[in-house]
Amino acid sequence: MKRKIVYPGLMLSENEKQAGTGTYVQDGKVYSLFYGVANDKNRVTVVPFSGKYIPSPRDYVIGYVIEVTSSNWIFDIGSPYDGLLHVSEYPKRVDSSMMRKEIGIGDCAILRIKDVNTSMKVELSMKDRGLRRLDEGRIIDVSTTKVPRIIGHNGSMVSMLKKESNCDIFIGQNGRIWLKGKDEDINRLTQAIEIIENKSHTSGLTNHISAFLRYEESDEIEEKEKPVPFTSSKKDYTEDACRKVDMLLSDEDES
Amino acid sequence: MSDKPERFIDDEGLRLDGRRVDEIRPMKVEMGVLSRADGSCYLEWGNNKVLAAVYGPRELHPRRMQKPNEVLVRYKYNMASFSVEDRIRPGPSRRSTEISKVSGEAFEPVVMTQYYPGAVIDVFAEVLQADAGTRTAAINAATLALADAGIPMKGLVSACAVGKVDGQLVLDLNKPEDNYGQADLPVAMTQDGEITLLQMDGHLTPEELEEGLEMVKKGCQQILEIQREALVSRYGNEDEEGEEAEEESPEEVPEPEEEEDEERDNSFDNEESEAENSDENDVTEEDEGEEDERQ
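Protein chains in written order, with this note's numbering: chain A, 11 to 265; chain B, 90 to 384.
Bound conformation, chain A alone (with noise of 0.2 Å):
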């Protein structure tokens, strides 16, 4: 068994000493408390397939601001819980009647976790190398659960996504992803982002994204899917293939 479909109080172990996160040990063995995938190499992990981001120190995320008070900008993290940025933790100066200036409700930031205390209060910081107010670009939603997948092992996936895609990228912990470039780029980036979210837990799936991005048609996973309408020219072209014509054409007429 390398990687396996698990439900909550699945036995996974019957050595305690296997007991990685996503588990708990009841009399001696190991279960599972997350619907989701284990994986054991020398511990029993569970990854579950869905939940709420829930904020840990050192985090990278991306925020809105939902309330600015006289020393602190309240944003909203995507988890249940909010998260406070000190006027002491921006890179500059401010002084409060300019704090809406700087950041108003609705402006969204790259953000680190500094601190969270026991009863959840986070403190954010803007303190440190790359983290900025992001005034332009788009930003999508993903399940928290996703983020690494999409990063992949040693960030493979997310500097495949960049070079194929010409757009840049940032990956918060939280599951907010920050894209940059082109509109048409975007939308494909978009699409490949999707595909990676609900096809996280099958193997390969660098390749297929990248040949995506290419428009070329994938050797793998897509062709069980979607039957290639290129072959069959009976059947009536679907919106996909069309739009994949259209975007041959488009880039033709480019070069």
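Derived by calculation from the structure, the hints in this document are not laboratory data.
Please note that the accuracy of each hint is not assured.
[Said to hold, decoys possible] Anything over 10 Å on all C-beta distances counts as not near chain B; from chain A, calculated: (1) TYR17; (2) LYS27; (3) LYS62; (4) LEU94; (5) ARG103; (6) GLY116; (7) LEU144; (8) ASP151; (9) LYS192; (10) ASN197; (11) GLU204.
[What the hints assert, rightly or not] Straight-line Cα separation of at most 30 Å, BS3-like style, residue types lysine-lysine; simulated pairs: (12) B/LYS165 <-> A/LYS14; (13) A/LYS190 <-> A/LYS173; (14) A/LYS156 <-> B/LYS243.
Note that the Cβ used here is the ideal one computed from N, Cα and C, for glycine as well.
Dock chain B against the given chain A, drawing on the hints supplied.
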């Protein structure tokens, strides 16, 4: 009382709907039916049709309801006005308030409440069509919706009723048996057989109660199997591809989910320095190539 059948169990031991005394009604489950909810489940059990939705964990207002060290599980059972023949008045009633309370408590021993202090998990169970045993059907649906929402739980909860008709104990009452029977005993339990809900309507002797609990335990076991099946088969088809590919490969294919911590750190480095991960990149690309050959 006019439509009361003369006998509930015929000479061959079959009930009005053709079941044996220890048989449950057929159950059909579909998960993830509501896209806006964090977790959802639609369940049909005989003629019962129930929809369960889970939202959260999310921020709890009003604040005074917050529990400082654990999450609050708020369960709301509601019957649609069209769920029974005579329209029932919409809105909370004495009955639905009571069922909401006890059903919510049925999940207390399994939900890991300490994970989300001060937050709330909202569970909504809507009965669309009622045919006896809706509270148990709602609990069965709610368990799956909670699992679908990614809520950490020690196990699944399954619920079933046992009752008495014609002086005989029967499992999973249907409408006429519920209306005209002598007793109805809905029970919810965890996979270890720990009872988390027990109510009784009517009269049972202590011996019958004990025997009934044994019957209901077997019923819950069957339901648990259906729930497990629903969870595992949901991603089953897609997963086969992934698993087959892996079984063919003796070496370990790098699984990104595992390296979560590492990636957490890397996620930002990738943003900052393309050069840094370019060599790491080569390694992974090779790995991916190998994987392809195997496929």
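These are the hints, each one checked on the structure:
no. : hint                  : verdict
1   : TYR17                 : violated, 4 Å
2   : LYS27                 : holds, 18 Å
3   : LYS62                 : violated, 6 Å
4   : LEU94                 : holds, 14 Å
5   : ARG103                : holds, 25 Å
6   : GLY116                : holds, 18 Å
7   : LEU144                : holds, 13 Å
8   : ASP151                : holds, 13 Å
9   : LYS192                : holds, 19 Å
10  : ASN197                : holds, 21 Å
11  : GLU204                : holds, 13 Å
12  : B/LYS165 <-> A/LYS14  : violated, 33 Å
13  : A/LYS190 <-> A/LYS173 : holds, 13 Å
14  : A/LYS156 <-> B/LYS243 : holds, 23 Å
Consistency with the previously given hints fails for numbers 1, 3 and 12, ordered from lowest to highest.
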